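Colleague: Work out the full structure: start from the sequences and follow the hints.
Sequences listed follow chains B and H, in order.
Here my numbering is used: the first residue of the first sequence is 7, the next is one more, and so on.
Here my numbering is used: the first residue of the second sequence is 124, the next is one more, and so on.
Mixed in with the good hints there might be a few duds.
To be verified - List of simulated lysine-lysine pairs, DSSO-like, C-alpha gap at most 27 Å:
id	chain 1	residue 1	chain 2	residue 2
1	B	Lys160	H	Lys279
2	H	Lys172	B	Lys160
3	B	Lys19	H	Lys283
4	H	Lys257	H	Lys131
5	B	Lys160	H	Lys228
6	B	Lys156	B	Lys98
If you're looking for bench data, these hints aren't it; they were derived computationally from the structure.
Remember, it's a predicted structure, so these values are computed and weren't measured experimentally.
Chain by chain, the residues:
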Amino acid sequence: MGKTAVEKLISDKIGRLVSEGEFVECPVDFAYCHDGTGVLVIEALKRMGVERIRDPENFSIVFDHSVPPYSDQAATLQSRVRRFAREQGVKKFHDMGEGICHQVVPERGYVAPGMVVFGADSHTCTLGCFGLFATGVGATDLAYILATGKTWMKVPEMLRVECRGLLREMVSSKDLILEITRVIGTDGATYKALEFSGEAVRAMSQSSRMTMSNMAVEMGAKTGFIEADEKTAEFLGRDGKRFRTDQDAKPETVEVDASSLEPCVACPGSVANVKPVREVEGAHIDQAFLGSCTNGRYEDLYEAAKILRGRKVREDTRMIVVPASKAVHMRAQRDGLLDIFLEAGAMVGVTGCGPCLGVHMGVIGENEVAISTSNRNFVGRMGARSSSVYLASPQTVAASAVEGKITDPRRFLR
Amino acid sequence: MIRGRVWKFGNDIDTDVIIPAKYLRSVDQSVWPKHVLEGIDPEFSSKVKPGDIIVAGKNFGCGSSREQAALAIKWAGVAAVVAESFARIFFRNAINNGLPLIEAKGISGMVDEGDLIEIDLDRGIVKTPRGEVKSAPLPPFLQDILGSGGLVEYYKIHVKQLQK
Ligand code: SF4
Numbered sequence: 007m008g009k010t011a012v013e014k015l016i017s018d019k020i021g022r023l024v025s026e027g028e029f030v031e032c033p034v035d036f037a038y039c040h041d042g043t044g045v046l047v048i049e050a051l052k053r054m055g056v057e058r059i060r061d062p063e064n065f066s067i068v069f070d071h072s073v074p075p076y077s078d079q080a081a082t083l084q085s086r087v088r089r090f091a092r093e094q095g096v097k098k099f100h101d102m103g104e105g106i107c108h109q110v111v112p113e114r115g116y117v118a119p120g121m122v123v124f125g126a127d128s129h130t131c132t133l134g135c136f137g138l139f140a141t142g143v144g145a146t147d148l149a150y151i152l153a154t155g156k157t158w159m160k161v162p163e164m165l166r167v168e169c170r171g172l173l174r175e176m177v178s179s180k181d182l183i184l185e186i187t188r189v190i191g192t193d194g195a196t197y198k199a200l201e202f203s204g205e206a207v208r209a210m211s212q213s214s215r216m217t218m219s220n221m222a223v224e225m226g227a228k229t230g231f232i233e234a235d236e237k238t239a240e241f242l243g244r245d246g247k248r249f250r251t252d253q254d255a256k257p258e259t260v261e262v263d264a265s266s267l268e269p270c271v272a273c274p275g276s277v278a279n280v281k282p283v284r285e286v287e288g289a290h291i292d293q294a295f296l297g298s299c300t301n302g303r304y305e306d307l308y309e310a311a312k313i314l315r316g317r318k319v320r321e322d323t324r325m326i327v328v329p330a331s332k333a334v335h336m337r338a339q340r341d342g343l344l345d346i347f348l349e350a351g352a353m354v355g356v357t358g359c360g361p362c363l364g365v366h367m368g369v370i371g372e373n374e375v376a377i378s379t380s381n382r383n384f385v386g387r388m389g390a391r392s393s394s395v396y397l398a399s400p401q402t403v404a405a406s407a408v409e410g411k412i413t414d415p416r417r418f419l420r
Numbered sequence: 124m125i126r127g128r129v130w131k132f133g134n135d136i137d138t139d140v141i142i143p144a145k146y147l148r149s150v151d152q153s154v155w156p157k158h159v160l161e162g163i164d165p166e167f168s169s170k171v172k173p174g175d176i177i178v179a180g181k182n183f184g185c186g187s188s189r190e191q192a193a194l195a196i197k198w199a200g201v202a203a204v205v206a207e208s209f210a211r212i213f214f215r216n217a218i219n220n221g222l223p224l225i226e227a228k229g230i231s232g233m234v235d236e237g238d239l240i241e242i243d244l245d246r247g248i249v250k251t252p253r254g255e256v257k258s259a260p261l262p263p264f265l266q267d268i269l270g271s272g273g274l275v276e277y278y279k280i281h282v283k284q285l286q287k
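Modeller: This is the structure in structure tokens:
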């Protein structure tokens, strides 16, 4: 019987044929963490008695969570991580202002197809769309990897999502992944590797694919694998070993019709509580957030700017735009997108996680409602326990900011 | 054998409700257990007693990779977590920090809050007032990590020696 792409990739790495369900010890090609998890990684290394990490060349630290620091404590913890990076000779250390780790690591071409990548952040699964195996772990796991160069894992079963047809105008890969989450549920892919395939995925940009793989963890998956192609190599500025699922591997498959999809939102409380936008149109929103590792890339800003150009954010609504990296920020600035946001009355923040995790730069208050391009709408995620979050595409967020209420972006088709 | 009193929770208990992000960047780590599960029950940390057991539904610990979630639970004195299923990062974090857990399908329907239950980790059995729930025991090397007290101790005992 054939093998899945992930089985082949891990087999290649280990040097023998492995199968789904097997527990293996696997070498790790690249590892990374951020300012938040970095502190715990350092502590674990200290408790382990590790003085030098094994492979500082293939390790990156990116400051993105508390950027710029929102408290003296956050700043103190960051300086600890900064010192560690210097002492250990971590050249791929990116201090605040460079971007979100999941964006910076591929943007700099630190990873390539065929690699095994571990990160101390749950959205490390984002990198699966570069034809590699990438997954998130906790800080102690990462410390063990830094000490030994390997880790244990269970070779995941694959759940393939075949996306038929092409997405229509004003419908983005965010809508597609929300729909997939609705179908699979918040734990439908637990311990599994998702693979996104089909015409819609082949046709979309590498940035759009990142949005898809980013949300794999929202279904419990280890990673969101997408076969590498020319677009992948172009984004990374390098290529690697490409793996594909054998014709006769026949993994469990779910089919989604991309061509009939319409804009959707994940309603408060659960990422799988997904409805077409038109069903919840009109609900008031206090804050619109465009950014995060899910949708803070150039094309996301571009799509939102198309809607906001010459329009205003509604008076009793605020809009916050945070580019996913400095590179995105600079390009958006050059092309005039930032002017469009500012003229529309939106605020543009320093690159990083921004208000995504609900601690600074746009925390929402009691009973307030946000619409966000990020990936989580758990209770209290962006602020007060009584606040709520709708997740949507950049287009839907921009349209909703203009109207001050949840709005189907197709109303803005020009 | 772990014996303790049950605190019961539902499905999809995410790490944001286990320990909200606003407490993460604290230089004083003793704040974490004080806010454990605050997102769902603000009183929980004052009610939970050392040795108690958490029983939950599906997908316990989903969401972010924050290890503080497992630590907050452990440091609050919770002896073990039993759930219908766990999110995988939380699962790893718990094992890595020596917090015993067991995946027991059907457990939600077998216990009420306040029940006394007994967990046999080696055999993968949970004894409740209404009968036993069986599950697959952890693979031996995970039991080793747990038995060592966590991944840091495991490293010190097993790996560091070899590298010398
Ligand atoms: S943008 Fe949000 S989801 Fe992404 S890494 Fe930052 S905090 Fe996590």
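Colleague: Any hints this thing doesn't respect? Which numbers, in order?
Modeller: 2
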